[in-house]
Amino acid sequence: MNFLQKTLGTLTGTSIPYTFGDKLMPSIASDPNRSTSIWTVYEGTSDKDSSEVTIFEFDLKQPYNSKYVQFAKNALKRLRSLSLLPGVLTVVDTIENDAHLYIITERVRPLEDMLDLDFPEESIPSDILLLGIYQIANALKFVNVEGSSVHGNVCKSSIFVNQSGEWKLGGFELLANLKERDFSTISMANQLPSFQDSLVPPEFKNNGASFLTSAKGNQASKFDSFKLGVLLYELFTSGSKVREIGDMTNLHSVPRSLTSHLKKLINQSVTVRYSIEQFIKVGETSFFDIGLISIHKQFSELALKTNEEKIEIFQSLEEIPVLPKGCFYYKILPQLVIIFSQIKTNENNLQSMILFLILKNGISLQPEQFSSRVKPVVFKAFTLPDRAIRITLLNALPDMIENITNYEVQDKIFPNLIQGFNDTNDN
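Heads up: the sequence shown begins at 3 in my numbering, then just goes up one per residue.
It should be emphasised that the hints constitute simulated quantities derived from the structure, not laboratory data.
Hints are supplied without guarantee of correctness; some may be wrong.
Unchecked claim - Using 25 Å as the maximum straight-line C-alpha spacing, the simulated BS3-like pairs for lysine-lysine come out as follows:
#1 Lys50 with Lys69
#2 Lys243 with Lys218
#3 Lys333 with Lys158
#4 Lys362 with Lys346
#5 Lys312 with Lys265
#6 Lys362 with Lys333
#7 Lys346 with Lys307
#8 Lys414 with Lys346
#9 Lys299 with Lys312
#10 Lys243 with Lys79
#11 Lys299 with Lys362
#12 Lys207 with Lys299
#13 Lys362 with Lys312
#14 Lys207 with Lys25
#15 Lys333 with Lys346
#16 Lys333 with Lys266
#17 Lys50 with Lys25
#18 Lys333 with Lys307
#19 Lys158 with Lys307
#20 Lys75 with Lys158
#21 Lys25 with Lys69
#22 Lys207 with Lys283
#23 Lys266 with Lys243
#24 Lys158 with Lys218
#25 Lys346 with Lys327
#26 Lys50 with Lys158
#27 Lys218 with Lys181
#28 Lys327 with Lys312
#29 Lys63 with Lys25
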């Protein structure tokens, strides 16, 4: 596999300092029946530090791509400048040469892959969709307000999911900065395959990009509100493709608390239509007022919390029926491990409570994930002379024993277990 990956990197990478892995998404140039993306997207690793990345590659030598060059260059420029905004796809590196354009980002996968692979035989929980919509809406708010820009290409193919399950905004091919007053790229939007594949706001359909030059206040950015509304409808109706405004009349699959607000997102009158800011504000006290989003917001402020406050947040996870895939391993578990290592005694049973949360959720991890993050905690916990911690470990032992080798049992667990029994007898 390493040989194949290195060979692929040699063939396509033009000596960039990244190793190419599996292809996540073909470009429309190579597979027009499967893709509306102008980029070929690969998993990758950094040759410098082996960190996991995603590689977006645009082939400048492919004749079919000549009409997309301006879009690719705009995406690279805009994503590089706005990458630090919350919710925007994090850029690690950008590379330009005579043959290719590369955008190197945090490790992500296309949203459509997540929807298909994580929930292959069941409907996607509405809370997962609402959290994702909340994350994308906030990213758009920062693009519109702090970035003074119109994204212009909000659709499923412009959204990616990182390793901790967060939805990230990409697809910056059409982005226009309203302060620069340069709308040359977005004026060509009808040539971009992902834009062609989704319903466009009526003001653009009727007037093209010229509406941006005369739009007042926040009317220009309401372009993104309309596109977000179309995306929202498609997500809650199991991927139904919206071609006309009349296709969005059946709202039975949309949460009742959301239906009237969805109508305001897709209102044909730009003066009546919600801005992204308005949509978020009204959602905070209604459809976005759910436990999963509350946990997400608290985690963004975790560094400001005391250990006791952090534990309260972690304990509230018990009330959350489902977490995004990867959320526990990449986002929650590292924080639990840090707190466990910082607490020196089991005063008020804080250590044993943290250990319980680690073990309860860690048991369902993949074996390699369990080995890298949970095992060290287990082995350390067996050395601690505390009765509550020992009971917590013994209760979890039958469920985690398959992930522990015979050598580790003999060397790391059994001696400490015997010592624990002796300590108990002495007491």
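Against the structure, the hints:
1. Lys50 with Lys69: violated (34 Å)
2. Lys243 with Lys218: Answer violated: Lys243 to Lys218 is near 31 Å, above 25 Å.
3. Lys333 with Lys158: holds (24 Å)
4. Lys362 with Lys346: holds (22 Å)
5. Lys312 with Lys265: Given that 25 Å is the threshold and the Cα spacing comes to 38 Å, the pair is violated.
6. Lys362 with Lys333: Cα-Cα ~16 Å, so holds.
7. Lys346 with Lys307: The given pair, whose Cα atoms are some 18 Å apart, holds under the 25 Å limit.
8. Lys414 with Lys346: Answer holds: Lys414 to Lys346 is near 20 Å, not above 25 Å.
9. Lys299 with Lys312: holds (13 Å)
10. Lys243 with Lys79: violated (30 Å)
11. Lys299 with Lys362: Status holds; Cα separation ~23 Å.
12. Lys207 with Lys299: violated (37 Å)
13. Lys362 with Lys312: holds (17 Å)
14. Lys207 with Lys25: violated (35 Å)
15. Lys333 with Lys346: Measuring from Cα to Cα gives roughly 23 Å; hence the hint holds.
16. Lys333 with Lys266: Given that 25 Å is the threshold and the Cα spacing comes to 34 Å, the pair is violated.
17. Lys50 with Lys25: holds (21 Å)
18. Lys333 with Lys307: holds (16 Å)
19. Lys158 with Lys307: It is violated: about 35 Å lies between the C-alpha atoms, which goes past 25 Å.
20. Lys75 with Lys158: holds (21 Å)
21. Lys25 with Lys69: holds (23 Å)
22. Lys207 with Lys283: Answer violated: Lys207 to Lys283 is near 28 Å, above 25 Å.
23. Lys266 with Lys243: holds (20 Å)
24. Lys158 with Lys218: violated (28 Å)
25. Lys346 with Lys327: Roughly 31 Å separates the two Cα atoms, so the pair is violated.
26. Lys50 with Lys158: violated (32 Å)
27. Lys218 with Lys181: Given that 25 Å is the threshold and the Cα spacing comes to 13 Å, the pair holds.
28. Lys327 with Lys312: holds (21 Å)
29. Lys63 with Lys25: holds (19 Å)
Comparing the model with each numbered hint stated earlier shows that hints 1, 2, 5, 10, 12, 14, 16, 19, 22, 24, 25, 26 do not hold.
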